[in-house]
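Student: Working from the sequences, and respecting the hints, build out all of it.
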Amino acid sequence: MKNIVKIIAIIFGILFITALAFSALTIFNLSKASREQTASEEIAAYHFGVFLPQNTYLFFQDVIAGARAAAEEFDCALSFHPIGNDTKDFFMAKYAGFDGIIVYPSIAEQVAQFELDEINRAGIPIVLIEHGLSDKSPWPFVGTNNFDLGKKIGELSGRNNDQPIQMAVVYSEKSPGILSEKELVEMGIRSALNDRNIKLLTVMVTNLNPLDAENLTYQILRNEPEINTIVFTDTNDTLAAIQVLVDLNLVGSVRIIGFGTDEPILDNVGKGILAGTIAVFPVEIGYNAVKVLKSLCDEGYSESYVDTGVGIITKENLDTVQKGLGGGVK
Amino acid sequence: MKKSLQSQLFLNVGASLLIIVVSMSFILFISWRIQKIVDTQFRNERFFQELQDEIEEIRTPFLDYLSSRSSKALASLLIKEQTLRSMIPDDQRIYDSVNLSVREVYHLLEAYLDMIDIAIQEKRGSAISEYTQLYETMENMNQYILSLIDKISLKGFREQLAGYERVINVSRQLQFWNLLVIIFAFIWAISWMMYSLNKITEPMHLLSKTAEELSKGNFNVEDIHIEAVAEVSRVVETFNRMKNDISQYIAEIQQQKTIEQEYLNEKLRNLKMEQLLKRMELYTMQAQMNPHFLFNTINTGVQLAIVEEANKTAEFMEHLADFFRHNIRERKLFVPLRHEVEGLRSYFYILNIRFPRSLNLNLDIQDAIDHDYQVPAMILQPLVENSVIHAFKGIERKGSIIVRIWQDKTYLRCSVKDNGVGMPPEIIESLMQHSFRTSEISSKVMGLENIIQRLYFFYPDNKEIIEIRSAPGQGTEVLININMEEEPCITL
Chain A
1 MKNIVKIIAI
11 IFGILFITAL
21 AFSALTIFNL
31 SKASREQTAS
41 EEIAAYHFGV
51 FLPQNTYLFF
61 QDVIAGARAA
71 AEEFDCALSF
81 HPIGNDTKDF
91 FMAKYAGFDG
101 IIVYPSIAEQ
111 VAQFELDEIN
121 RAGIPIVLIE
131 HGLSDKSPWP
141 FVGTNNFDLG
151 KKIGELSGRN
161 NDQPIQMAVV
171 YSEKSPGILS
181 EKELVEMGIR
191 SALNDRNIKL
201 LTVMVTNLNP
211 LDAENLTYQI
221 LRNEPEINTI
231 VFTDTNDTLA
241 AIQVLVDLNL
251 VGSVRIIGFG
261 TDEPILDNVG
271 KGILAGTIAV
281 FPVEIGYNAV
291 KVLKSLCDEG
301 YSESYVDTGV
311 GIITKENLDT
321 VQKGLGGGVK
Chain B
1 MKKSLQSQLF
11 LNVGASLLII
21 VVSMSFILFI
31 SWRIQKIVDT
41 QFRNERFFQE
51 LQDEIEEIRT
61 PFLDYLSSRS
71 SKALASLLIK
81 EQTLRSMIPD
91 DQRIYDSVNL
101 SVREVYHLLE
111 AYLDMIDIAI
121 QEKRGSAISE
131 YTQLYETMEN
141 MNQYILSLID
151 KISLKGFREQ
161 LAGYERVINV
171 SRQLQFWNLL
181 VIIFAFIWAI
191 SWMMYSLNKI
201 TEPMHLLSKT
211 AEELSKGNFN
221 VEDIHIEAVA
231 EVSRVVETFN
241 RMKNDISQYI
251 AEIQQQKTIE
261 QEYLNEKLRN
271 LKMEQLLKRM
281 ELYTMQAQMN
291 PHFLFNTINT
301 GVQLAIVEEA
311 NKTAEFMEHL
321 ADFFRHNIRE
331 RKLFVPLRHE
341 VEGLRSYFYI
351 LNIRFPRSLN
361 LNLDIQDAID
371 HDYQVPAMIL
381 QPLVENSVIH
391 AFKGIERKGS
401 IIVRIWQDKT
411 YLRCSVKDNG
421 VGMPPEIIES
431 LMQHSFRTSE
441 ISSKVMGLEN
451 IIQRLYFFYP
461 DNKEIIEIRS
471 APGQGTEVLI
481 NINMEEEPCI
491 TL
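Just so you know, the protein sequences line up as chains A and B, in that order. So for the first sequence, our numbering puts the first residue at 1; every next one is plus one. So for the second sequence, our numbering puts the first residue at 1; every next one is plus one.
Just so you know, these hints were derived from the structure itself, not from any lab. The reader is advised that the hints may include incorrect statements.
Stated by the list, open to error - Per the computed footprint, the stretches of chain A lying under chain B, defined by three or more beta-carbons under 8 Å from a beta-carbon of chain B, are:
no.	stretch
1	4–14
2	21–34
3	90–101
Unchecked claim - Derived BS3-like pairs (lysine-lysine); straight-line CA-CA distance at most 25 Å:
no.	chain 1	residue 1	chain 2	residue 2
4	B	K409	A	K94
5	B	K409	A	K88
6	B	K409	B	K463
All values reported here derive from a predicted model rather than from experimental measurement. The C-beta atom is built at its ideal place from N, Cα and C for all residues, glycine as well.
Tutor: Shown next as C-alpha cells:
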C-alpha cells in the first residue's frame, strides 16, 4: 500500500512538473512573440518617402519592388505615399521628417514644381522618376530616355514588315513620363524608320481609366481602316486593345505594339497577337532611384541622370526573357 | 539524525501546501502575464487615441487665441502644446513600416507645434495675413495628422487583432495546461500527504499488530525494525525491549516451573520409596512374628529330637531353625554377602530333604570373593524359591538349580539358573519395567519382581543391574550384576 502511494506520488509529481513546464514554455513563447511583435529592431540609416500615383499598375508595383530591394541593400527605410490631386501626402512631405524623397510627379507640373521647390528649401534631397517636368531644377532623374523609347518602337514596327507603315500612337495619362515627352518619342520612331515609308496618322491619349483604351481602339479600327500599326504606351491600354483586335478578327491584319512585361502581355506576344512589347524595366527604375538618393544623402551629390534603358520583347526572344526577365531584352 | 514527529509533520504538510501554493501562484502569474501581454498589444492604440484627442482639442484654444487674443486661450493653448510636446518621444530612430508612419506623425506634429509658436508671434505682431494663411495650412496639417494617425491605428489594430487572436489561442492552451497543473498538483499533494502519513502511522500499525500477537502469548514474533520519526522510533525500540524482557521473564519462569516440577517428581519418588520401605518394614515385621514363634517352636522340636535321639530330624530342624533365623535376623536393607550365602545353604539343605529325587541343587561360590561385601538383603533365596515354585511345573524329569557367585573385575555377579520351562518374553519384558505394579506388591513382595524393583531402586544408574535370560523349554537364568565401585543410592 505504502509503495503504491509512493509510486502515485512520484508519477503525479512528474506529471505536475511536466504540465508546469509546458505551461511555462507556452507563456514564455507567447511573451517572446509579443515582444517581437511590439518591439522592432533598428533597420535603417535613412527614411525616404516614395511618392507614386495611387493605382495598381504593375509598372508601379515593380518600381516599389525595385526600391525595396535597393532599400534593403543600402540600409534605408522607405515609406510609400500616394501623389495626386486628391491627397495631401505630397504637400506634407516637407514636414514629415524624410531624409529624402523619390517622386513620380503625376500632378500638374506647376504645382509639382512649387512643392518640389518647397521640399528643396526644407533641405530634403529629391530624386525624380519618369518625370515630364522642365529641366529648370536639375534634380536627379532615373528612368527611360523617351527618344530611345521611340527608337525601339520604330525598330519593332519595321521588323519583318515591308509594307508602308500607317501608325497610330496611343499615349496615356497613366504614363505621364512618356506622355510629356511624346515629341521625343515620335522623333525616336522616325529616327529608327528614317528610310521607311511611315505615316503617323493618329496620336491619341487615354485617361486614367484602365478600360478607356478599349473604346479608343474601336474608334481607330473602325474610323481609320488604313492604319496597320498601333503603338500603346501603357500596359492596361495594351490589354484592352488586344481584346478589341480579337473581337474584330483583325489579328495579323493590324500590328499591335504593346507596352510592359505583365504575364498576359507576354502570353499574347507568344501567341502572335502582339507583334512585340516595349519593356522599360520599372524594377531598375525603383532600384536606381533609391541608390541615387542614398548617394545624394551620403555624399551630397549623385548622377543627375540614370537611364534604365528600353527593351523589345518579341516571339523570338520571349523564352529567354521569361527565363530571366531583362536578361535578353535589350 | 532522525526528525521529530512535529518537524516531520510540519515538513510534509508544509511541502504539500507548498505544492499547492506554487501551482496557484503559477496560475496567478500566468493570468497576470496574459493580462500584461494583452495590455501591451493595445497600448500603442490607446496612446494614439489619446494623441489624436489632444491634436483635435488643441485646435479650439488655437482658434480662440487667434480670434480673441485671449490670455486664457493662450494659457490653454500653451498647456495643450506642452502636453503634445511631452507626448513626442525623444527616440525617433528609423524602424519598420509602422514606425516610419509614426515617425512621420511625430515630425508633422513637431512642425505643427512650431507653427503654433510662429502663429502666436505673428498674432502678437498683428501680421494678420501671415497668421491667417498659416492657420489655413495648419488646419490642413491638423486634418492630415489626424487621418495619418487613423491609418496607423487601423493598421496597428488589424495587426494586433491577429496577435490578439494568437493570444486567445495560446490562452486556451494555457487554460488546458493550467487545469492539468491544478489537478496534478492536487493529486500530488494528496498522495504525498498520504505517503507521509503512512510513513508515520505504519510503525504504529506494526506496533499494534505485534502487541496483538503478544497478547495471544506469541513472544516469538520478530523485533520491529523500521525507519520512523524520533518519537515513534523510541516507542518501537522500547516496545522491542519490553517484548524481549517479557519473553525472557517467561522463559525463566518456565524454567523455574520445570525445576519445581522435577523437584516435586523427586519428592513424590521419595515418598513412594518411603512408602515402599515402610511396607517392607511392615512385611518384615509381619514375617518376623511367625518366624520367631516358629523359630522357638523348632528349637523346642530340636531339643525334643535330641532327647528322643532322632539325630537326623534334629539336624533337619536345626537347619530349618537356621533358615528362619537368617530370615528374621536382618532388618537392614543391605547385609554382608556371607549372610546371603549362609541363608541359601540352609535353604538348600531343606530343599534337598524335601525334594531328594526331583531337584538337584548346586551352589558354586568363587573362593576369592569378598564375603563381607554389602549386598541388598534377600536377593538370592527368593530367586531360588521362584525357580522351585514356577520353573518345574508340569516337568517329570529331575530339575536342576545352579547358583553361582563370582567376582568379575569390579562386578559382583550372582546367577540363579534353572533348567525349567523357561519364561515367555512378554513376562520378562513386563518384569523388567522400571515401575512397581503396586496392586501385586502385597502378594509378590518377596518375589522376582520385588527383587528387580529393589535392585533398580538401589542402583538407578546401573541399567544392567539385573538380566533375565530365558527361552521356552530351555530354563531361565537370572543374573545380578552389582558394580562394586558404585555406591547404592540408599544405605539403611
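Student: With reference to the structure, classify each hint as holding or not holding.
Tutor: Against the structure, the hints come out as follows:
no.	hint	in the structure
1	4–14	holds (count 6)
2	21–34	holds (count 10)
3	90–101	holds (count 6)
4	K409(B) - K94(A)	violated, 154 Å
5	K409(B) - K88(A)	violated, 156 Å
6	K409(B) - K463(B)	holds, 18 Å
Hint compliance for this structure: hints 4 and 5 are not met, and every other hint is.
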